[in-house]
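Asks: Sequence:
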Amino acid sequence: MCIRDSDETAVPFELHAARCAYYQAMIQELIQGFGAPLQNLKISIGSDHQLNDKFMLDVYRLSSLVSLERAEQGVLGVAVPHWSADTTDEDRGKIKMGQLMYPCLASLDAEYCKADVQFGPASSAEMFAFARHFLPLIDYAPRAHMLHSVDLPEDMSFDLLAALNKKLGKAFCEEKNVTKNGPLLFAQLVIFPWLNGGKFEIAREEKHGGALEFATFEALYSAFESGQLFPADLKLGVTKNLELLLQTVTSKKEALLKLEQAAYPVAEKKVKEKKAKEGKDTSNRPSDEELAKIKAAKAAKKKANTDAMKAGKKGKEAEAKANGKDNQLAAAVEPRKKNAPASGDHTAACLDIRVGKIVEVFHIEKSDKLFGEMIECGDPEGPRQIASGLRSFYSLEQLKDRHVLVICNLKPRKMGEFKSHGMVMCAESEDGSHVEFIDPPSKCVPGDRIVFQGVPGEILSPAQVAKHKV
Numbered sequence: 001m002c003i004r005d006s007d008e009t010a011v012p013f014e015l016h017a018a019r020c021a022y023y024q025a026m027i028q029e030l031i032q033g034f035g036a037p038l039q040n041l042k043i044s045i046g047s048d049h050q051l052n053d054k055f056m057l058d059v060y061r062l063s064s065l066v067s068l069e070r071a072e073q074g075v076l077g078v079a080v081p082h083w084s085a086d087t088t089d090e091d092r093g094k095i096k097m098g099q100l101m102y103p104c105l106a107s108l109d110a111e112y113c114k115a116d117v118q119f120g121p122a123s124s125a126e127m128f129a130f131a132r133h134f135l136p137l138i139d140y141a142p143r144a145h146m147l148h149s150v151d152l153p154e155d156m157s158f159d160l161l162a163a164l165n166k167k168l169g170k171a172f173c174e175e176k177n178v179t180k181n182g183p184l185l186f187a188q189l190v191i192f193p194w195l196n197g198g199k200f201e202i203a204r205e206e207k208h209g210g211a212l213e214f215a216t217f218e219a220l221y222s223a224f225e226s227g228q229l230f231p232a233d234l235k236l237g238v239t240k241n242l243e244l245l246l247q248t249v250t251s252k253k254e255a256l257l258k259l260e261q262a263a264y265p266v267a268e269k270k271v272k273e274k275k276a277k278e279g280k281d282t283s284n285r286p287s288d289e290e291l292a293k294i295k296a297a298k299a300a301k302k303k304a305n306t307d308a309m310k311a312g313k314k315g316k317e318a319e320a321k322a323n324g325k326d327n328q329l330a331a332a333v334e335p336r337k338k339n340a341p342a343s344g345d346h347t348a349a350c351l352d353i354r355v356g357k358i359v360e361v362f363h364i365e366k367s368d369k370l371f372g373e374m375i376e377c378g379d380p381e382g383p384r385q386i387a388s389g390l391r392s393f394y395s396l397e398q399l400k401d402r403h404v405l406v407i408c409n410l411k412p413r414k415m416g417e418f419k420s421h422g423m424v425m426c427a428e429s430e431d432g433s434h435v436e437f438i439d440p441p442s443k444c445v446p447g448d449r450i451v452f453q454g455v456p457g458e459i460l461s462p463a464q465v466a467k468h469k470v
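Under the numbering used here, read the sequence shown as residues 1 to 470, first letter to last.
Worth flagging that the hints you see were computed from the coordinates, not collected in a lab.
Take the hints with a grain of salt, since some may be wrong.
Listed next, the in silico DSS-like pairs over lysine-lysine satisfying Cα-Cα at most 27 Å (straight line) [claimed, not checked]: (1) LYS114 - LYS166; (2) LYS176 - LYS369; (3) LYS252 - LYS240; (4) LYS114 - LYS94.
Whole structure, please, built from the sequences with the hints as guidance.
Replies: Given below as C-alpha cells:
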C-alpha cells in the first residue's frame, strides 16, 4: 500500500510527515479490526521514491509524451471534478500544474512500489487508462486495475475518533427507501462482511418492540423495504456494530488523537490586543468625586419620575371611582403581582400550545428531511399547514391521525417553498439519534389548550414571540 504525500498540492509541506504517520497508524488499526494479518501489510510513503533522481528523470520522460489535453483527461474525477456542459474555459484555466502532474506521478508509483494491481474508485478510471497507455511508452509494464463503484452519501463520512451515534443519527434514512440510504449501504458493504456470518443485532428497547437480529443482509434489506424495520432501529444497529468493529481504534484513541492533532492542527484564535489611542486627551475626565455626584443626580431624577408616574395613576384611579368605573380601572392600573413575570422574563405560559390531530401528511418536494402536515388545532379556518423535520425518524403511516402538541403562536416560516404555520413538539435524545413526539393526555381533543398551573404569563402574539425570542 502506498501513501502519496509529495503530490498533495493542497497540503502544506511541513504537515506531510505528520499526516503520513496518522494515515499509517489509522489504516493499520482499521485493517486489524477486520482480522487481517498485519505481517502481510507493507505501507510505503510516496516521497521515499518520488524524491530520488531516477524517479524524477522518469517524470520528465513521461511528461514529454503527454499533451495538456491528455493530462486533463487523466486527472478528471481524481484531482479535479469531471467536466460538464456548464464547464467554461475559465474553469479549465484554474487547473494547477501540480494537478496536471498527478497522473504521471500516480502511474509511476505503481512501478516504483512494484505493484501488480492498482485498486481504486470508479472515478479513477481515466487515470488508470492513462497509466496503461503511457507506462509501456517508457518501457514499463502496464498494471492490472480493479475499480469499485461504492459511492457513500456525504452524510456517511465521519470522524472515526468522534461520537459516531450523533453523526449517524443525522444521516438521511427515509422509511422504506432502499435506493438512497447511507446506513443501509454501509451495513451491506462494511458491517456484514465484518460479521462474517455473525448476526446483525439491534438492541431495541422493549417499549419499541424489543431486540432484533438478522442473519443476512438480505433479511435486513427486506425488513427495511417492507417497513417492518424503522430508520431509527437501522441507525441504532449500524452504530453499535460499528463501535464494536472500531474497538481496536478506540482502544488506542489517545495515541491516535495526538497523531491527528499533529496532522490537522487547529488554528488558534488570535486575541486582539486593545491599544490606547495615541494623543488622546484625558485631562477633561471628571474626578471620582464629580462622577459620584453625577450618578447621585441621575438616581434622584429617576426616582422623581417614578414618583410622578405613581401619583398620576392614583389620581386616575380616584377619578374612575368617582365615575363608577373603579372595577375596570383598578384592573388596568393594579400594580404587577409579585408572582407575575417581570418585563423581559417569559415563561412557557406565554406560548399557545394546543392539542392537534394530523389529518394529512406528505413528503415535501426538494427536501430529504421534511414532512408536510395538515394539523387540526381547533382554528376556525381549518387545519394548519406545518413542516416537521421527522422523515429520518417516522413514516407517513406513523404520523397519520396521530395526536400531537403544537405551538400555534409562531410567525409563519418559509422552509424552502413550503410555508409552515407552527411547530410540532418533540423530544430529542442527547446524541440526536432518537426523536419522539410529546404525546398529549389521551382524553384531549384537537384545539384543547395546554396550561401550566402556577406558572405566570399570558399568551403572546406571534410578533411578540419573535421579538422576545420566547
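Asks: Look at each hint and say if it fits the structure.
Replies: Checked hints:
no. : hint            : in the structure
1   : LYS114 - LYS166 : violated, 42 Å
2   : LYS176 - LYS369 : holds, 14 Å
3   : LYS252 - LYS240 : holds, 18 Å
4   : LYS114 - LYS94  : violated, 34 Å
When the structure is compared with the earlier hints, violations turn up for hints 1, 4 and for no others.
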